[in-house]
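Trainee: Here is how the chains run, residue by residue.
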Amino acid sequence: MLQFSKFVAVRAALAILTLVLVSFIVFTLMEMVPGDCAERYVAFKNSQGSVITPEDIQIERVRLGLDQPYIQRWGSWIFNAFQGEFGDSCILRVNIAQLLGQKFWLSLGLCLSALLLAYAIAIPVGILAATSKNAVLNNSLRLVSYLGLALPNFLLALMIMLFSTVMFGNSLTGLFSKEFRDAAWSYDRFMDFLGHAWLPIFILGWSATAFAIQTVRALMSDEIGKLYVTAAAARGVSGRRLLMRYPARHALSPIINSLGFDLNRIFNELPIVALILTLTEAGSLLIEALARSNDQQLAGAIIFMLTASIVGINFITDVILALTDPRIRRSIVG
Amino acid sequence: MTDITNTQAAENQKLKEAYFTAGQGQLIWQRFKKNKSALVGAWVLIALILSGIFAPFLTPYDATIAGRDKDYLNGAPQIPQFWDDNGFSARPFIYTYERSRSIKSNFRWVTVVKTDLEDRRYVTFFAKGQEFKFLGMTFDRHLFGVDRGFIHIFGTDSTGKDIYSRTLTAINTSMAVGTIGVMIAFVMALAIGGIAGYYGGKIDAVLQMITDTVKTIPSIPLFMALAAFIPDTWSAEERFFFISMVLGLIGWTTLARRIRTHLLSERNQEYVLAAQLCGASSSHIIRRHLLPSFTSYIIVDLVISFPYMILSETALSFIGLGLKDPVNSLGVMLQNVTSADVLLNYQWYFIPVIFFIVLVLAFVFVGDGLRDAADPYSDSK
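Quick note, the sequences are listed as chains A and B, same order. The opening position of the first sequence corresponds to residue 1 in the working numbering, with each subsequent residue numbered one higher. The opening position of the second sequence corresponds to residue 1001 in the working numbering, with each subsequent residue numbered one higher.
Some hints here could point you the wrong way.
[Said to hold, decoys possible] Residues from chain A shown here face chain B by an in silico Cβ test under 8 Å; the list is partial:
#1 L2
#2 I25
#3 I272
#4 A299
#5 M305
#6 T307
[Unchecked claim] Computed list of chain A residues with no C-beta within reach of chain B, every gap over 12 Å:
#7 Q58
#8 A232
#9 A234
#10 S253
#11 A308
#12 N314
Hints were generated in silico from the structure; no laboratory data involved. Every residue, glycine too, gets a C-beta built ideally from N, C-alpha and C.
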């Protein structure tokens, strides 16, 4: 037990350290882009008709604290970020935590469901592919997983959407029907949400599934060849019992370990899928923040939150692995 | 009878000798040749790359606005044929298309195809066309053209640019972005992975920490964050180099990790110790002894990471943050298919999508084949 709590403590410390590093990288990148918040805000006011002088920019800078040294600003940014506070958006002038709040959790929910879907399909199919000697099955599975890479999600999303527009006259876009968009959460709204959410979840899960099948298949075929499986088979264990009790359990831990990176991959797809399906409630805010307004405060916050959730998943999977596998508990850092 | 067996035995012996004395490159090639899908992938890939490089010659028109056909906007593909009701022709021909639009047709283009004998446009080979520069020389011959008017075998887009010409040029651009990105990623991975793996210990721990951190940040949102701040005033070339650089600067982590792991296991081998005892410097050992020990793995990894670069470029261009319309890249071509109008009326916009999918698939097949071939234990499985 002591060993386990020590493991968790070290892992938590490492996760926080990673987040500090991430915040440094993100903060530095956001600093490096041309122009700062004060200039953008003042330029925005300028477009509204008021006349702005360089002095005004300077005053705005002082008000936003942009005249303080770099390290100090980073320090206060990271300190606030850990409390879930990212300050105000450059352009929209709204508190970022409020602006993102629900949207972020919805996006995260979509991505996690996609991940779940991917493995729910990949684990049985992958095991089947690893054990089956059927060449047709194996080759077609290989083709599917290659297509998962070559047929990008945005193309798939587009095809399905256009197809449904033409066939059913319903474009399947958005996450809510009109009447539920601003309503409070209720049973009806939740069902409406589910009715819309299956498409983004399916599309986000599509290439993740293809990758996951490859991983499961490779891990399983590595394990099946090992001596302990032969030994178990010699003792008379066979069929599904043999697969589940021996190689599958060994193959599982690398899979759990890589969940964080799978989530990373899904996050990569999210903004594009969101753009096509016009999920204004989720990832497309990112695109808006970035493409339309050059809002570095908001962009930084979004990237930080995405990365934080990946680090969080990595931490959770580490703990789960340590619970199930004593070897991992013993190696504290590795 | 015995003679035959003898010669066969001798031949077997020769084959065995050839196998045991073959260099690593030969062994990889031997194994690669056995993998049929990888071999097909390699041929397709070579064909696509060559057609990208020789695009100015293979395509009849300039891919930019200079090569537009202003009388054939959003025009359907014109397929050359050998015969019709007016009889057979040894030279392939297309018809003359006359298009008009007015209030009567609700301002949509109406195409009248003239199928008469005198309206045939014959395809000519090595036709004189617009001048282009290749390897510093100026040429004006194209692989094919027609004796009068224009030929568009993949149709035209909304500004009258030839989609066939654009597609081949786009392959070239996307490959160039990928190459620059992979090169930058490669150099960074070599430096960081090399240092981490060779020195080990604390340096390794710190560099691993940094690598893992960069790896955790989702790359497409980060690309978007960086690309969004490109000033509008930048030229197409500046944009192009910036995008390739960003792709490279974020894509190095996986390769760095592999190099580090390999170096960590290799640096305790006897031959490294021997070199150290001979007084060789660290950089000499890394360059002359350690890196050559896994060149093949590096090459394989580079091939595997190539499609990801192309996919990233496409994704960026697709959301409008990467390359933009006057430049022809596969991402820009894909962006053009996103409207319902295209799906319903102008399906030939999807032809570049096929090229894109085939290119990525070919890369993946070749990469997988190379990986299996470079693995010395793959035979035993």
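Trainee: Against this structure, judge whether each hint is valid.
Mentor: Quick rundown of the hints versus the structure:
1. Taking 8 Å as the C-beta contact cut-off toward chain B, the hint placing L2(A) at the interface is violated, the least distance being around 25 Å.
2. Proximity of I25(A) to chain B holds as hinted, the smallest CB-CB distance being about 7 Å (cut-off 8 Å).
3. At its closest, the beta carbon of I272(A) sits 6 Å from a beta carbon of chain B; the interface hint therefore holds under the 8 Å criterion.
4. Among the interface hints, the one on A299(A) holds; its C-beta lies about 5 Å from the nearest C-beta in chain B, closer than the 8 Å criterion.
5. Residue-level restraint check for M305(A) is violated (minimum Cβ-Cβ distance to chain B is 10 Å; threshold 8 Å).
6. Because the closest C-beta pair between T307(A) and chain B is about 5 Å apart, less than 8 Å, the hint holds.
7. With 12 Å as the threshold on Cβ separation, the claim that Q58(A) sits away from chain B holds: the shortest Cβ distance comes to roughly 22 Å.
8. Look at A232(A): its CB is around 21 Å from the nearest CB on chain B, clear of 12 Å, so calling it non-interface holds up.
9. Non-interface status of A234(A) relative to chain B is upheld: no Cβ of that chain comes within 12 Å, the nearest being about 21 Å off.
10. Listed as a non-interface residue, S253(A) keeps its Cβ farther than 12 Å from every Cβ of chain B; the least gap is roughly 19 Å.
11. The Cβ of A308(A) does not lie farther than 12 Å from every Cβ of chain B; its closest approach is about 9 Å, which violates its non-interface assignment.
12. Taking the minimum C-beta to C-beta distance to chain B, about 7 Å, the non-interface status of N314(A) is violated against the 12 Å cut.
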